[in-house]
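S.K.: Listed below are the residues making up each chain.
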Amino acid sequence: MDFNDTTDDAAYRATARTWLAANAGEYRDPPTVPYSRDEFVRRSRSWQKAKHAAGYTGITWPKSMGGQGLSPMHSIVFSQEQSRYHTPTSLFDIGLGMCIPTVFTHGQPDAVARYVAPALAGDEVWCQLFSEPAAGSDLAGIRTKAVKDGDDWVIDGQKVWTTNAHLSDFGIIVTRTDPSAPKHKGLTMFIVDMHAPGVEARPLKQMSGGSDFNEVFFTGVRVADSHRLGAVGDGWKVALTTLMHERLAVGGKPSHAPGYATLMALAASIDTDTGPAMAQRDVRQRIAASYIADEGIKLTQMRALSALAKGQVPGPEQSISKVVVAKTMQDMAAFAMDLSEAGGFVTTGTDPDLARLQGSYMASAGLRIAGGTDEILRNIIAERVLGLPGDLRPDKDLPFNASVAA
Amino acid sequence: MDFDFSDDAKALRDQARKFLDERAGPKVARAVMDGGDRAPLWREVVDLGWPAARVPEGHGGVGMSSEAACVLAEETGRSLAPVPLMQSLLATEALLTLGSAAQQARWLPGIADGSIVAVTGWAEGGAASPAVANARVSGGTVRGSKSPVADAAAAHLAIISATGDDGIQLYLVDLTGPGVEVAPVATLDLVRAHSIVTLTDAPADPLGSPGSYHDWLDRAAVLSAFEALGTATAAMDMAVAYAKERVAFGQKIGRYQGVKHKCADMFIKLELARGHALHAAWAMESGAPELRQAAAAARVASLDALAFCAEENVQIHGGIGYTWDSDCQFYYRRNRALVAALGSRTFWAERLVRSLEQRNAVAA
Numbered sequence: 001m002d003f004n005d006t007t008d009d010a011a012y013r014a015t016a017r018t019w020l021a022a023n024a025g026e027y028r029d030p031p032t033v034p035y036s037r038d039e040f041v042r043r044s045r046s047w048q049k050a051k052h053a054a055g056y057t058g059i060t061w062p063k064s065m066g067g068q069g070l071s072p073m074h075s076i077v078f079s080q081e082q083s084r085y086h087t088p089t090s091l092f093d094i095g096l097g098m099c100i101p102t103v104f105t106h107g108q109p110d111a112v113a114r115y116v117a118p119a120l121a122g123d124e125v126w127c128q129l130f131s132e133p134a135a136g137s138d139l140a141g142i143r144t145k146a147v148k149d150g151d152d153w154v155i156d157g158q159k160v161w162t163t164n165a166h167l168s169d170f171g172i173i174v175t176r177t178d179p180s181a182p183k184h185k186g187l188t189m190f191i192v193d194m195h196a197p198g199v200e201a202r203p204l205k206q207m208s209g210g211s212d213f214n215e216v217f218f219t220g221v222r223v224a225d226s227h228r229l230g231a232v233g234d235g236w237k238v239a240l241t242t243l244m245h246e247r248l249a250v251g252g253k254p255s256h257a258p259g260y261a262t263l264m265a266l267a268a269s270i271d272t273d274t275g276p277a278m279a280q281r282d283v284r285q286r287i288a289a290s291y292i293a294d295e296g297i298k299l300t301q302m303r304a305l306s307a308l309a310k311g312q313v314p315g316p317e318q319s320i321s322k323v324v325v326a327k328t329m330q331d332m333a334a335f336a337m338d339l340s341e342a343g344g345f346v347t348t349g350t351d352p353d354l355a356r357l358q359g360s361y362m363a364s365a366g367l368r369i370a371g372g373t374d375e376i377l378r379n380i381i382a383e384r385v386l387g388l389p390g391d392l393r394p395d396k397d398l399p400f401n402a403s404v405a406a
Numbered sequence: 001m002d003f004d005f006s007d008d009a010k011a012l013r014d015q016a017r018k019f020l021d022e023r024a025g026p027k028v029a030r031a032v033m034d035g036g037d038r039a040p041l042w043r044e045v046v047d048l049g050w051p052a053a054r055v056p057e058g059h060g061g062v063g064m065s066s067e068a069a070c071v072l073a074e075e076t077g078r079s080l081a082p083v084p085l086m087q088s089l090l091a092t093e094a095l096l097t098l099g100s101a102a103q104q105a106r107w108l109p110g111i112a113d114g115s116i117v118a119v120t121g122w123a124e125g126g127a128a129s130p131a132v133a134n135a136r137v138s139g140g141t142v143r144g145s146k147s148p149v150a151d152a153a154a155a156h157l158a159i160i161s162a163t164g165d166d167g168i169q170l171y172l173v174d175l176t177g178p179g180v181e182v183a184p185v186a187t188l189d190l191v192r193a194h195s196i197v198t199l200t201d202a203p204a205d206p207l208g209s210p211g212s213y214h215d216w217l218d219r220a221a222v223l224s225a226f227e228a229l230g231t232a233t234a235a236m237d238m239a240v241a242y243a244k245e246r247v248a249f250g251q252k253i254g255r256y257q258g259v260k261h262k263c264a265d266m267f268i269k270l271e272l273a274r275g276h277a278l279h280a281a282w283a284m285e286s287g288a289p290e291l292r293q294a295a296a297a298a299r300v301a302s303l304d305a306l307a308f309c310a311e312e313n314v315q316i317h318g319g320i321g322y323t324w325d326s327d328c329q330f331y332y333r334r335n336r337a338l339v340a341a342l343g344s345r346t347f348w349a350e351r352l353v354r355s356l357e358q359r360n361a362v363a364a
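Just so you know, the sequences run in chain order A and B.
Reminder that position 9 of the first sequence reads as 9 in the numbering used here, one-by-one numbering, no gaps.
Reminder that position 327 of the second sequence reads as 327 in the numbering used here, one-by-one numbering, no gaps.
Since the hints were made in silico from the structure, they are not lab data.
Ideal Cβ positions, reconstructed from N, Cα and C, are used throughout, including at glycine.
Be careful, since some hints might not be right.
What the hints assert, rightly or not - Here are a few chain A residues that face chain B, going by a calculated C-beta distance under 7 Å: (1) Val-112; (2) Ala-134; (3) Asp-282; (4) Arg-284; (5) Ala-288; (6) Thr-300; (7) Val-313; (8) Ile-320; (9) Met-362.
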C-alpha cells in the first residue's frame, strides 16, 4: 500500500501547485462578502480563461477536442490542488463536466466544431435541461415534446432544477419525440440556444432562501436537426452518457462544508448544564460518528482513485458517497444546533462555525435530493452492486401516452 | 497511489477464502456447536502455514507483512472458522511488536509450527475496558482472573494484561506452568469456546512496557476490525442471497425498497468500514503516526457494520431467521463475541476522539 503519487503524478502536482500559487493568490481565502451575480460570472470566466491558457482545462479530453489527453489521475490531482483555493469554478462544472462530453460523444460534426472550443475557453456557459415538474427521479417520464417541422424541431414544455440556466448560453435538453413509444424509447436529445425566442428561465427560490436553480419554459422553440444529439429515439441512451459523467462529478463532500472538526471546535466553546460539552459522552460519540462518515467517504474515494490509477473503472460503489455525505451533514448540523440550544436557532450570532452549521443544515436537505435522491441511490446500490431485482415498473413497456402518468 | 493490499497478501487471502469456503462456514460452525471436534481443522490450518505467515523466517515462519495477518483475520471472520487463528495472530503481533529477542526465540517457532497455541486476554468478566486490569503482578508472578478468554482451553501460552508497579502492560504466562487454572465459561457465542483463566501466583514474564501496551491495543484493533469486516460481509451476503430468492406478495422480497434499502445500508456501512480498515492496515504496516486514530476508527466502523448486518440479516429472513436451525444466529452471536473480544464501540469511539484532540493540540 502506498498513498504517494507516482513520479509522473508528483511532477504534475508540483507544476500545478506552482502555477496555482502564481495565479490563484487572490482566492486563498473565501470572499468576505458573497459575489454579486455579475461579479461571479466575470470572475468565473476570467478564471476559466486563465486555466485554459495554461493547459489546465479539458485535462482528460482528447487532444482532437482541444483537451490535454491526460489521465483521470491528472485531472484529480489538479482538482485537489485547485480545491486548496476558493476559485470560482461552479459556473463551468456542469457544462464541461457533463454537457460538452455528451456533445462530443453524440453530436454531429458541425456542432462539435462549433461548440466545444468556446465552452472550454470559458466563452460560453452551458446547462443541463433534464428534470421536469412531473419527472424527477423518474427522469424517463419527461413530457417536454419536440415535433419535427421541415428541417427543424419545435420544442414545447417545462424543465426545472436547472442549475445556472439564467446564466447559460446553451443547454442540452431531453425531449419526447414519440409519445406512442414506451417511455424510454420515445426520447431524443438536442442542443438548444438559451437565447432563442420562446426560452424563458425563471430563478426558483429554494427553501434555504438561495436561488441556484431555475425553471425553464419552452414555447415553440425552434432547433435545427443538425443540433440533435444521437439518433431520434435514442435520447435515453444519450442521457445515460451525461449521467455517467455526473456520477464522476458529483459525490464527495462539498468543498469547505463543515465536518467533524467544526463540531469539535463548536463543542469546545460550549458549556452544558452537566459540564463542558467536550466532556459529555454523547458529544464525543457524535464526533466519532461524524469522523467515521467524513473520513470514511474520503477513504472510499481514495480506493476509487487507486482503481483509476491502475486503469480500472470505479464502479457504482461510488454511489455511497452522496448518500453518506448529505445525511451526515444534516445530522451533524442538527446535533450542533441542539448543543447550542436556542443560540443554534438565532441567525444573528457571531460564531462563524455556528453560522456555517446552520447553512449546512439548510443546504443538506437539498443535497439529499439533488443528483439522485437518497432513495434512488440506495436502489442503485442494491440493484447494480448487490444484484437485487429492480423495482416493479408497471409503465415501463406501455406506450407513454397510454400509461397512467400521461 | 495504491490503496490496496499487496499481491502477496491478496494471493494469501484468495487461498484462505477458497480453503475456508470448503472447510468452514456455518455448517462447520453448527457441527462444532453440536459438540464436533475442532482439532482436525486447526491441524490443516497449521499445515497451510497460516500461523507461520507473520513469523520471521529465522524463527521458522514465512516472514510476511502485517497485511497477511489482516487478510487472514478477515477470512477467519467471514468463515466463522472454529480455530484459534485470530488469537494466534493477535499473540504473534504482540510478540513481534513488543517481544525481546529471547521471548521471540522462545515462543515464535512453536507458534509457527503449531506446537504452541497462543491466546490473548484482557477482560476480567466485568464492566472494565481494555485500559484497566485488576490482575496484579508483583515479584514476577500474577494474581487475578481473565475471562472470557477465547480458545484458551487448548492453549499453551497466554498474553494477558495486568497491572504491575509501573501500570498496566502485557505479560506472558505459560499456561502449562504452575498457578494456572483454565475452566470453560459459557458465553452468547456457542461456536467459539471461551474460558476463565485463574492465575494464582503464576510466573509472569513482562512483554514490552506500560508505554507500549497501547501500541499493541492499536494493532489488535486493526486485526479485529478485519475479522469483524469478514463476519459482517458474510452476514450481508446471506441476507442478499435470501432477498433474491424469497417470494412474498407475488414477488422476490429484494424488490421491496424496505428490504433492498436495508441491504444497501449494509453495503454502505461495510464500505466505510473497509476504507477505515485499509487505512489502519496501511498505518500499521508503515508505522505511520496516524495509527492510533486510524485503528480506533477501523474498530468503531467495523463494529457498526457488523452489528447492523448481523441484526438486519435476521430481520430480512423473517421468522425462519429466528429459528435454531437458521444460520443467522451464528453472525448474530458472533457480533457479541467480537465486541467482547477487545472493548466496545464506546471505548474505541472515546479513544478516537481523544487521539483527535491530541492531534489538534500538537497542531495548535
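S.K.: Does each hint fit the structure? Answer for all of them.
M.R.: Status of the hints after comparison with the structure:
Nearest Cβ of chain B to the Cβ of A/Val-112: about 34 Å, over the 7 Å cut. The hint is violated. At about 21 Å, the closest approach between the beta carbon of A/Ala-134 and any beta carbon in chain B exceeds 7 Å, and the interface hint on this residue is violated. Look at A/Asp-282: its Cβ only gets to about 11 Å from chain B, farther than 7 Å, so that hint breaks. Against a cut-off of 7 Å between C-beta atoms, the interface hint on A/Arg-284 holds, since the closest Cβ of chain B lies about 5 Å away.
Evaluation of the A/Ala-288 hint against chain B yields a held restraint, the C-beta minimum of about 4 Å falling below 7 Å. Below 7 Å, beta-carbon pairs count as interface contacts, and A/Thr-300 has one with chain B at about 5 Å; its hint therefore holds. Using the Cβ-Cβ criterion of 7 Å, the hint placing A/Val-313 at the interface with chain B is not satisfied: the shortest such distance is roughly 15 Å. The criterion of a C-beta within 7 Å of any C-beta in chain B is met by A/Ile-320, whose closest approach is roughly 5 Å, and the hint holds.
Interface hint status for A/Met-362: violated, as the beta-carbon distance to the closest one in chain B is roughly 24 Å, over 7 Å.
Hint compliance for this structure: hints 1, 2, 3, 7 and 9 are broken, all remaining hints hold.
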